[in-house]
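Assemble chain B onto chain A, guided by the hints.
Going down the list, the protein sequences come from chains A and B. Under the numbering used here, the residues of the first sequence are numbered 1 to 319, in order. Under the numbering used here, the residues of the second sequence are numbered 1001 to 1290, in order.
Just so you know, these hints were derived from the structure itself, not from any lab. Note that the structure is predicted; figures quoted are calculated from it, not measured. Take these hints with a grain of salt, some might be off.
[As the list claims (entries may be wrong)] So the derived label-pair ranges between C-beta atoms look like this: (1) A:Met40 / B:Val1149: 30 to 40 Å; (2) B:Ala1165 / A:Val182: 35 to 45 Å; (3) A:Arg224 / B:Pro1023: 23 to 33 Å; (4) A:Ile250 / B:Gly1112: 20 to 30 Å; (5) B:Ala1034 / A:Leu176: 51 to 61 Å.
Backbone N, C-alpha and C fix where the C-beta goes; we use that ideal spot for every residue, glycine too.
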Amino acid sequence: MPLVTILFAIVAMFIVIQNMPGDPVETLAAEISRTENLEMELAYAKAKSVLNYDPDVPVVQRLIGYLGGILRGNLGDSLAYRKPVLSLVLGALPWTLLVLSVSLTLSFTVGVVAGLFIAWKRKRWMNALLNLWQSIFGSVPDYIIAYLLIFLFAVTLGWLPARGPYSATVTPGFNLAFIGSVMRHAILPVLAYFLTTVANWTIGMRANALGSLGEDYVAYARARGLSQRRILIHYVGRNSILPMITSLAISFGFMFGGSPLIENLFLYPGVGYYLNQAIARRDYPLMQGMYFIMIVVVVLSGVLAEKLYTVLNPRLRER
Amino acid sequence: MKNARNGRFAGVKAFFSVIWRNPMSRMGFLILLAFLLMAVLGPVVIPDLKSDYAHRLQPPSAQHWLGTDLAGKDTLLQLILGSRDVLLVAAYAGLFAVLIAAAIGIVAGLQGGIVDRVLMLFTDVVLTMPSFPVTMILSMVIRITDPLVFGLVLGLWSWAGLAKAIRSQVLTLKHREFIEASRIMGISKINIILYDVLPNLVSYIAVNFISIMKGAITSSVGLMILGLVPFQGNHWGVMIQVAISQTGALMGSASMVYFLAPVACLMLFQLGCYFFASGLDEALNPRLRS
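The shape of chain A in the complex, shown without the other chains (with noise of 0.2 Å):
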């Protein structure tokens, strides 16, 4: 099942992007032959053979190639980079990962444990003020919060860089000043998805655990004598937490797709970075090549938090 969305999505994604306005043969074959002195149609010639693409032969044809390509690895050639896509890919990949594995990870653990803790205090206050946070962060897009970060922490304050992912002084590698540099540039990107999102899980935590509380299993532990903490963590927690491990694929997706504003905003060079520069100069390859990867790591995302659920539940765990 994967697989077939995975096709239906690229075939999908393939048949717009062929749909699209604006040739890139003929803008190339116009710079060809106003900068070779060339007639146009020896520049257009000239200009297939350089991009590897020729609007002449049918869609389909060229579908079939490029699924054949996708099988044995090849994604082509970006016509802006003048390189194997999949090379770019491979290289965006990580930042995305990197940034968006992180702040999933960190807003997650921060809103199941301030959504337990909530539940259980049932305080007035905090409440209020879950609410209030919600209320503020939930209606301001996060790349407006990014733009705001940027402000307050790159250029008033002067704390952290905003822009790229490691400064231009060190040399990557597994070094120290590297791995450094590289957490420093990731907080800004980090903090935007972080405060964007952590309220979500805290709400739904909160809502899991308030319903787990008020279970049988939890009064006859109380009453079995075990300690507050014993019952927080393995009879309330457990139980609230095991329904929103199908939302973190959700997320994840969500996360993903906003990453071309949040990447292009910190020129942070992941997935999300390419993907606006390949729609900015009309690189099809490249185009393919990150909604391709895109849509892979979103559905492997979803079939991983299917394993970590039922890991996660003793109920499926037995069959």
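Structure of chain B alone, referenced to chain A:
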């Protein structure tokens, strides 16, 4: 027949009284109403703004409450004028999304079988592809010229979740007595959908309409910031984009007001949507009522 129509009006009245009784949805309703009035009346009252380069990028003053932009236009007036397109784009997006979702969800739920499976496969595929990037591409394929087309582009990829939810609602409705009764009485499928199924989904769809609108506004401004929508007209997204790309608002210049004003409006509008939708949800869903 007349009786039935009266009944429907009574339903609308009850709907609004439910909204009014819940403090959250009342507040959201008031905020949205204020924006609606702004959008309807603003362009009628305010004349077209003229550029005044002698007074560009001014800080707030008695004459220009929120200062001026880089062409010397009054920021506050631009905000008011912009609200019409913001609302129109969002409402069209919500409308298209709800129409597609209702059509697919109801047909899949009632028909079942192979139709259901094909439609749900389609829905799952749409759901898998992150909507913002797809909307980015769609905005290149479809030339966005006016709010209607913009709304269509935004709505095209935001119906899938709602379609699935409507389908499962229909599945639970399907075997309730009153629908079984209609079916046994030989009432046509169209009539069952219009008179038995839809009225039961209206409140649910209303809540989702608002949340889709909220999402559409986020995406529409996002697309504008990326410069993908050659949208001529007044829209807060255009203001934010200009503020960021052309006035260096983020570098701490005087034009910060020009950046923050549309952001604040955006936030207030989103807040109105959020309050209205969650209050509505709470008011209409007896299980959530505290």
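How the hints compare with the structure:
{"no.": "1", "hint": "A:Met40 / B:Val1149: 30 to 40 Å", "in the structure": "34 Å, holds"}
{"no.": "2", "hint": "B:Ala1165 / A:Val182: 35 to 45 Å", "in the structure": "40 Å, holds"}
{"no.": "3", "hint": "A:Arg224 / B:Pro1023: 23 to 33 Å", "in the structure": "41 Å, violated"}
{"no.": "4", "hint": "A:Ile250 / B:Gly1112: 20 to 30 Å", "in the structure": "26 Å, holds"}
{"no.": "5", "hint": "B:Ala1034 / A:Leu176: 51 to 61 Å", "in the structure": "55 Å, holds"}
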